[in-house]
Every structure is written in C-alpha cells, then in structure tokens.
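Novice: So the sequence lines, in the order shown, correspond to chains A and B.
Taking the working numbering, I'd label the letters of the first sequence as residues 19 to 742.
Taking the working numbering, I'd label the letters of the second sequence as residues 195 to 659.
Honestly, the hints are just simulated from the structure, not real lab data.
Just so it is clear, the structure is predicted and the values come from calculations on it, not from any experiment.
Every residue, glycine too, gets a C-beta built ideally from N, C-alpha and C.
Mixed in with the good hints, there may be bad ones.
Claimed, not checked - Listed next, the in silico BS3-like pairs over lysine-lysine satisfying Cα-Cα at most 30 Å (straight line):
hint : chain 1 : residue 1 : chain 2 : residue 2
1    : B       : K629      : A       : K230
2    : B       : K629      : B       : K209
3    : A       : K107      : A       : K312
4    : B       : K508      : B       : K428
5    : B       : K593      : A       : K210
6    : A       : K713      : B       : K209
7    : A       : K287      : A       : K172
8    : A       : K721      : B       : K208
9    : A       : K186      : B       : K497
Stated by the list, open to error - Chain A regions said to be covered by chain B (calculated; three or more residues, Cβ under 8 Å):
hint : stretch
10   : 233-246
11   : 642-653
To be verified - Here are the in silico distance ranges between beta carbons for each label pair:
hint : chain 1 : residue 1 : chain 2 : residue 2 : range
12   : B       : G261      : A       : E712      : 39 to 49 Å
13   : B       : K510      : A       : D199      : 41 to 51 Å
14   : B       : S517      : A       : Q164      : 20 to 30 Å
15   : A       : D632      : B       : S649      : 51 to 61 Å
16   : A       : D632      : B       : R441      : 52 to 62 Å
17   : A       : S711      : B       : P279      : 46 to 56 Å
18   : A       : V280      : B       : P279      : 27 to 37 Å
19   : A       : S711      : B       : E648      : 21 to 31 Å
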Amino acid sequence: MVQKKGGANRVSEDAEEDLARVPLQAILLADSFAQKFRPITLERPKVLLPLVNVPMIDYTLAWLESAGVEEVFVFCCAHSKQVIDYLDKSKWIGQPNFSVTTIESHNSVSAGDALRLIYEQNVIHGDFILISGDTVSNMLLTQALQEHKERRKKDSNAVMTMVIKKSKPSPSTHQSRLGTDELFMAIDPDTKQLLYYEDKADHLKGTITLDKMLLTDNSSISLHSDKQDCYIDICCPEVLSLFTDNFDYQHLRRHFVKGLLVDDIMGYKIFTHEIHSSYAARIDNFRSYDTISKDIIQRWTYPLVPDVQFFGNCATKPERQELGQSCSAQIGPFTIVGNGTTIGKDTKISNSVVGEGCTIGSNVSIEGSYIWHNVTIEDGCKLRHAIVCDGVLMKSGAVLEPGVVLSFKVVIGQQFVVPAYSKVSLLQQPTKQDSDEELEYADNSGGIVEIPSITSRSDKLNGELTSKLSETECWAASEVGTGGVGYIWSLSEGGHEEEWRHSVAPIPADKLAAVIQAMNDDLEISDGNALPPSGELKPDSISNDSDNDDVEDIRDDSVYFEKEVEATFLRAVHENVNEDHVILEVNSLRLSYNMTAADCAGALFYSLMKLALDTPHSSATELCRIAANVTTTWQKLLKYYLPSLDEEIEVILKFEEMCLESAKEFSPLFAQILHLLYDKDILQEEAILNWASEKEGADESDKVFVKQSEKFIQWLNEASEEED
Amino acid sequence: MDFQVVVLAGGTSKKLVPLVSKEVPKALLPVANRPVLSYVLELLEQSNLKDLIVVVEGEDAALRVGGWISGAYVDRLHVEVAAVPEGVGTADALRAIARHLTANDILVVSGDLVCDVPPGAVAAAHRRHDAVVTSMLCSTPVSGSSDSGSSGGKDKAKKSGRCNIIGLDPTKQFLLHIATAAEVEKDIRLQKSILRAVGQMEIRADLMDAHLYAFNRSALQAVLDQKETFQSLKQDVLPYLVRSQLRSELLLNGAQAEENGNEKVASQNNKVMPSQLLANASTPSFHELYALGADGSAPVPRKTHKCCAYIASKSKYCARLNSIQAFNDINRDVTGEASHLSGYSFSAQNNIIHPSAVLGSKTTVGPQCMLGEGSQMGDKCSVKRSVIGRHCRIGSNVKVVNSVVMNHVTIGDGCSIQGSVICSNVQLQERVVLKDCQVGAGYVVTACSECRGESLARKEKIQSQ
C-alpha cells in the first residue's frame, strides 16, 4: 500500500507540471445499466453486492485512490438512496486528498444519459477516468496517463485511451473466462490506435469485415480476438460533450466507441493501453463474479485482497477462524469465512466465500459457492456453485444445484431441491411488458423504468415483512418447498439455452460438447457460404447471410420508395399539381429514404410508363403513342432528375427491368421508346451508347433489348463518328 | 533436397505488347542484356535446385525458350521444357505437367521473377513446418526511391494494385489470410474461426506475393484434381488452401506417410510429434492446438494443414516483369541499385561498356548504364541510366535517357529518347523524339517524328504482306 501511495504522489506531481493544477478526476458509474444480476439487483444496487465479503464499489474506490485520483463523482441511479447512504457511512467521505461526490439521477437509462447529466453539471475540468463501480483493478495509471497526455499534446483528437488486457476467449464457447462475449479489435501496432471494435459478434457470421480504407492509411494492422476490454477509460472532457452532441449515444462501447470508429466524427480517435502484469476486470455477469472472486482469493489483485486492510472495512483472513467452529469441520483451500460465522461439525466447505454472521449447521457441503451475510443453512444442506444472498434460510436437507441464485431473505423448504440455474426471489418477476419497454436499448438499459414499483414493493416488503410473508407463504410454498418463501423466476425465453454461459457454475461437459459440435456445424455452414464450391475468390461471392439481409433491406426500401413516388406522381396527374411541387415532394421522399438522384429518375420513369400502361389502349402502336404523350407532358420533371449520364443510364436499365418483369407489354416497343426518349432529349446518345457497351459482356438473355435496338445504336454510332 | 522446380515462364503476354512478339516470348525479354528467365534459373542454381521443368505457353515460344536454355545451360541444369496451350491458367499449366511431378515438394516459380532471395530458404521454411504451401512475400519497393519524379508517381499509383492483403500470425510464420488488393472492393473479410484459433492476426498491406511457392505435391495434386474450376495458383489454389487450413479437406497425413519412404518419422499415431519437432518449438502451433480442441477435448482431432509465409528481408530485391512499367523499372534497377543481380562487374564509372563497343568523341555514358557488345555510337552522344543492347548503330548527337534499347537497333543523328523501350531491329531515322514510347521489333520511325506515350509496332497485316 505504501508504494502504491508513492505512485499516486508521482501522478499528481506530473499532473501539476502538465496541467496547471487540475486535479485528476474520475466518474464512477454506480449503475451498470444492465440486468444481468437480477433478481438480486431488484433489491440492492450491483455496486453494493459483496465481492469476497466487501462491496464491489469499495474495490473500485480503493483503486481510484491508489491510482492518484483526487476527485470522484459517483453517479447513482438505480437504488441511488442505498448507494448514497452507504457512501455517507463509509470512510470514503471526508478523506483529505480524495473527495467523493455523489450525483443522483432518477431518469437515466444508460451510461450515455449519465454522462450527459454530468456534462450539464459542469464538474469535469480536465482528463478523467471513466469507470464503472463494479471494476476490480490494481494497475498503475501513471504510464497510461502519461501516454494519454503525450498523445493529446501531439494530436488533440485523441480523446480516449482504453485499457485492455490479454485474455484469450475459449475457442469452443467463444467467451472469455469472465463470461463476456468474444471481442474483436483491430489496433494499429505502432500508434496503438483502435481501428475496429466488435463485441456482441454474431456467432453465425463466419467473417469479420474490415473497411479496406483502414489499410490505405496503415500498412499494417493487428487484429485481436485475444484481448479483453477492462472498461477503464481515460477520457478527455470532449467525451462528455460528444455524448451531449450525439444524444442517441447510450452505450459506452456499442454507441460511443463504434460511433467514433465508424462515423469518423470530427476525426476523433481512440487509443488503447495494454496492461500485462497488473489486474483489471469488470464484473459483468455471474461468471465474472465467480472468476474475479477467485482471482481475489488467489491474490492476483494484490493489494486488494481479503487479508490486507485496504480501506475502513475489516480485514478477514483466509485462514480458518476459530469462532464457534467445531473441529471436525473441514474448510478447504481458497475459502474465505467471515467474522461471526459458526460452522457445525462434519461440514465441508471448499472454494467458497462465506460472509459474516452466518450460521451453518452440520453435515453441510458447500462447494464453489458464494454465501453472503447472515445466512442460515441448516443441517445436511448441499450447495454447489450457488450464490446465496443476505438473510436466506435454507432448511435442513435443502439442495442447491449448480448455478442457483437465491436472492435476499428467500427461504428454501426442507429437503427441497432447487433445480440448476434457478433464480429465486421474494419479488415476482417483472411482467413481460415491463421488460419489453426497457429493453428498447437492447440489454443495456437499467432497471430504472420499474424502479418506483420495485422500491415501493421492497419498501413495503421490508416494512410489513411479516404480513407479506404470511401472504406469500401460502402459495410460494409449492415453488420452493414446504415452508419455503420465494418465487422461482422463469427464465426468459431464448435465455434458457444461454443460462449456463453466465452462471457461477462451471460449464457442464455436455453443454461444452454440444457447443463444440454446434461450432463445427456452424463452421461448415458459415464457411460454406464464404467458400463458393467453385472456389473462385470473387468478392461478391463471399457474401454471407447478413449481407444478403442488407441487400434485401435496401431492396425493400427501394420498393417502398418507388411506390411512394408513383403515388405522388399519380396524384400530380389527377390533381394537376404543379411540377415544382412534385419535385419538392419527390425530393423529400428521396431524403427520407436516403436514395440517389438516379433512384428518383428510375422511380419517376417507372411511374410515367406505368401511367401510360394503365391508360386504356387497344394496340401496341397506341400504347407507344400514349407513352410518347405522357413523356412529353412530364418531360421537364423527368429531365430535372437527369443531371448526368449515370442517371440516364439508370433510366434505361429501369426500363429494361420493367420490360422484363412488371410491364411486359413494353418489351416489343423497347427500341421505339428508346428512340422516342432520345428524340425528346431525355436521353443523350452517350447514355445509350454507354448502356450498350456496358451490356456487351452480359449474358445472352440480358442482351435481348440491346439486340432489339441494334439498328438504333448503330445509327447513333455512325452519327457520332460522322461528327468526329 | 528432393524438391522439383516448376518455372512458369508464360508465353507472349498481352500486357507486354509490343515488347513481346512471336520471336521474343516474355521469358526471353532482355533485362540488362540477358533474358529475364536467366535470373530465375541462376537463382535456382545458386540454391542447388537443378532439376527444373520450364512451362511455356505455346509451341513456338516453347521451342525458342528451349533452344535458348539448351544453349546457355546445357551442362549446368537439368531442364525439361514443356509446352502448354496459350492462355491457360497457372493451375491448368500444372495440371498439364502433373505426371512429371514426382518429388515430395514442388517449388513453383514465376519465370518473370527478378530477385535475390534464395529459394532454398523458402524451401527450408516449407520443410521445417511440414507445410502444405509456403509462399514467399516481399516488401513492396518503396516508391519514390528512384530519383526520376515521374516514374516515382507511377510506382505509387501501381502500388495499391500490386499489393496483397495478407494476414499473418504473430510469429510471422503462418499465412492466415490472403487477398489481392485489387480484388477487394471495399471490405476485407476475415474468417473468425482462424482468428479465434490464433488469437491475433497481423494484417499487412505492404507485402507482395512474389509468385514463388513451395507446395506439398500430394496436397497440390489433390486440390488440382478436386477443384477442377481452379485456374490460377495465386487467385484460386492459394486462397483456398489458406481459407481451409483449419478444416482441411486434404487427405494429407495418411497419403504422405505412405509415400514418404525416406521420411518415416517414427510414430504415425502421434501425428503432432514430427512436425512439432521439426518446428523446433516447445509450444505447438495453433494448428495443432486447434486440431486437438480446447484442452484436448475435441472428440476427433480436426484435420488441419499449415500454410506458411516466408517474408524476405527488406534489403532484398524482388520484382516481377509483368508490365511495361516493370520492364523499365527492372532494367533500371538491375543496372542501378540492384546491380549485383546483373552478374556483371561494373567499371569505376559504375557502368558497363563492352570492350568491343565504339564511342565517338565527346560521347558520354553515365553511371548505371550498359552498352552491349559491338555497339557503336557517334559523336556528342549522351546516355544516362539506360541499357543499350548488342550491335546497335547510333548516330551523333543522340540522347538516350532512362530507356532500354535492345539489339541491332539503328538510331539516326539527333534523336532523343526518353523513358522508352526500343525493341530489336528498329530503325529510328534522324531527329526522332520519343518520350515514354514503346517501339515494337522491326519498326521504322520516320525522320523528325515526335511521339509521346505511344506504342509503335508493325501491324500484323503488314507483317503478313
């Protein structure tokens, strides 16, 4: 701890020199805006959940203090009262060189909202550390800060430095040991600039797509799948204003980082700093909770380990506590038992954490589990890879199968076996409508929407616990055994399959085998797409599903666009609307559908021809005459959208398509109408000649109309040669 | 070394018209007054690779190339010349000569390669990793190194087209991705499965595929047999092998073990061992790790094969004569910065003037120039950074800058030639001015013509009359 302090002082000295005494600030988000720890987080904010018997936020604050941060703004949202109360009582308030200020919000639903609010408060004056309150780290910030500041001096667009660490995800489950999804990053090996960031990757998609432009700027890029994002960011104040300017940014990574990388906003750049020997990890889900707990017990996070008193909280010892613990109890390695806990005889505990004030009976077997404070476990219970929250009562002989989560004050009935991966809570699962509403931002939104109801419910629960208990008891009994209290949450649909991925329990062998099998199949499928049987490496033939989707989307769009333009045009015909108005309307359509002038020209031409076709006619010659009339009438309008050759060619292509598909009646008239358009000066001869030469290499079937207009084209060719 | 070498010497490439003709196929185009093919052959000879098959497109061209080789290398190399029809792809060319291939590994070299990277090193890397294919990669020549500004600009413009997008593992030994930059339209697509297995991939755009490959023969033949549509080694076969390296469709290990009489590496049931030993690595490569699955949990070892890369050091020279621009550049480089390749010893003035050449008074031949046997120059001529072939007759007051003049060329008084290529038997009458032109064999440029950036050649019709 002493040498850590030394490092901290050095940081502040540097800061003094560089930035005329701007204290190093940090924003700590005490809300993860996620729901992965439900149902526990319905009653207590995630940052206050005990991690090896110490609330997570204490780890984060302790690290910030040791890293030389002087001012921390804790942003509280969900259960903000609890966080503020906790901090007020903690020793963090009133430290001499370390100030902790809370910022409370009730309506933020994302990290983006939080940063916008902080921007409005105008409290950040220099570079700051952005961190979430569930991060455990012991890295020294000195070097990263130094790098960040030097980069800033050279390039004011380097707005953020992201801390990353090597961590190879499992090749079979595609997730890291922290249970997070695999992450693909492209980094410039020389400057360490982040060029590409893809988490939440689509497993079915077998390829990564990088923009070729990246390679024109950098002759070498390294692409990583073996790095883990530590969610520790060193940011410039501009980051906050960027969030304000782009009010749709919600998620730090998915929106902000991708936004900067893909949209290239103002040339802002993100850089990475890789740490090698120090520790940094974020508790994202139950699996990372398990992994990080083990890392803490195994002292990877030194000095943030149980037997070092790194802040006001009492230090616990991994050695067996002689408090009321009978001699025959066996406590295995890598186990922490809190103060005031009594353990009965012949009880075996291994690889587990037991909190303070727990009462554990005899003949209990606890393996790989996390038991929080004041839990009572009666004789003969069996727990494997479970999380048991405060105040839970497990009656004798109850069994928790791997992956079970028991939320606060749940009572499990005698001899009851809680099935694997169940989540049990005194609170009922929020109804579907609720969750749909809040899932608007994928799964990054917080539990804010139903906060009022939950808090009131839990307040009520705390207040009139007894009456509530008696209410629930009668029918909860069937769910968690006789005498049990609590609801077993049904797993969300689709989530059922994935439950094992993020649970504290190790991945069962059968799942693993299934996943490997699935992966092999996927590989065949996805690669099969990527590899055409002929093996010719043409860029367009390496398309994959999502690409086709994109294409379809575009096609859908253009179909709608065409219909809209046609409707507009028909209205103009029937209501005698001025041409200028039609142009205005089509332009607005063009903008809303994000179409090009060529699309407009194509769609308008389509509408014209459709109109001609829909006008009653008896013979082909008559149709041709009608078409000529229509074209003459609307010549000006059409011409407006034909500023260059490209659009004219588009019109010809459109016409061709029509003749083949929607308006076959025109097909014998193709050459005639082409000639007509030429005569009316709608199409220039270059457009027609270009079209003809483009078609030269096409299939025979594609050339039908070129053949038909051969004479005309020949005539044009000769004419142009004569001119020469 | 039990390597068989296939030199793909091409035929009369359309890109090189008018430099090439029926009489002069691509392989015999002069680079510093020696056929370009001789550079490859001597490079191979230096690595003690003497068992060669030279594949030429077209019977006539094959006869000419064969004639030249038997004259020049009769007692030095064991060369077979095979003719394949014109216009076939490189893969088809190999199919055509498949029955002649017997060695375990095949080295395939493009006949237009001018470089000083020892092919033996590539072959050794190939053997060390027991790879299916090893490709030689060279750093692209840094544009602008040549002092003439205009051609420097051209280099740059060409650079993107010539380069490949190449994915390498962190040790830079394995090839994980390959695509031609010109073919990649907008996005680079990379296979996640390979990236996952390796963890980290370095993507480079500054490397050039030198068209020198070492193939495992049985693998190569399996691919050629199975994939009948594959036409090009570079565009079809190599990318296919790279893409499928983690789920190999080649029945390699078994077939190889049977055939490799001399290479019977002890235990066949422990397939990982031999290559691991050869790779002298304490840690197995990602291929082996992947084959065994996570913690050896894969039910059946997956079939994998290795694709390696040999990256030549930056100081090495490597270029391919595949365009007129390249022809100019290579001729300039071989007499200039890469002069060790030419095999000649340069004079104190850093040029080579054949003793039988005759120079008039006040005629200067600058450094990095070459004047062939029996050529004559009149008075007050100036030659800079150019190659002049044998038995040329050059008048007075002639300027030749940055150009290549082949054999038996007659140049009249007062001509000025810049950045041009003059093929054999051309006649330039008085005061012709050529800039960035190519003049095909036997053409006559009339007096006082001025040409810029043109390609002058006799039309076929005239030839037949």
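Novice: If a hint holds in the structure, say so; if it does not, say that too.
Specialist: Hint check:
1. For the proposed pair K629/B and K230/A, the alpha carbon gap of about 36 Å is over 30 Å, so the pair is violated.
2. As the CA atoms of K629/B and K209/B are separated by approximately 19 Å, the hinted pair is consistent with the 30 Å bound.
3. A C-alpha spacing of about 28 Å is found between K107/A and K312/A, which places the hinted pair at or below 30 Å, so the restraint holds.
4. Only pairs whose Cα atoms come within 30 Å are accepted, and K508/B paired with K428/B is accepted, the gap being roughly 22 Å.
5. Between K593/B and K210/A the CA atoms are separated by roughly 52 Å; this puts the pair beyond 30 Å, and the hint is violated.
6. Between K713/A and K209/B, the direct Cα distance comes to roughly 25 Å. Compliance with the 30 Å bound is thereby established for this hinted pair.
7. A threshold of 30 Å between alpha carbons decides the hint, and for K287/A with K172/A the separation of about 12 Å falls inside it, so the pair holds.
8. A C-alpha spacing of about 28 Å is found between K721/A and K208/B, which places the hinted pair at or below 30 Å, so the restraint holds.
9. A distance of roughly 22 Å separates the Cα atoms of K186/A and K497/B; the hinted pair therefore holds under the 30 Å criterion.
10. Here the stretch 233-246 of chain A counts 11 residues with a CB under 8 Å from a CB of chain B, which clears the bar of 3, and the coverage holds.
11. Note: the stretch 642-653 of chain A has 0 residues with beta-carbon separation from chain B under 8 Å; the three-residue rule is not met and the coverage is violated.
12. In this structure the supplied range 39 to 49 Å holds for G261/B paired with E712/A, their Cβ-Cβ distance being about 46 Å.
13. Checking the proposed 41 to 51 Å range against K510/B and D199/A shows it holds: the Cβ atoms sit about 43 Å from each other.
14. A C-beta distance of roughly 49 Å is found between S517/B and Q164/A, which places it outside the suggested range of 20 to 30 Å.
15. The supplied range of 51 to 61 Å is met by D632/A and S649/B, whose beta-carbon atoms lie about 56 Å from each other.
16. Between D632/A and R441/B the beta carbons are some 56 Å apart, a value that agrees with the proposed interval 52 to 62 Å.
17. Restraint check, S711/A to P279/B: a C-beta distance of roughly 30 Å breaks the suggested window 46 to 56 Å.
18. With their beta carbons about 49 Å apart, V280/A and P279/B fall outside the hinted range of 27 to 37 Å.
19. For S711/A paired with E648/B, a C-beta distance near 24 Å keeps the hint of 21 to 31 Å intact.
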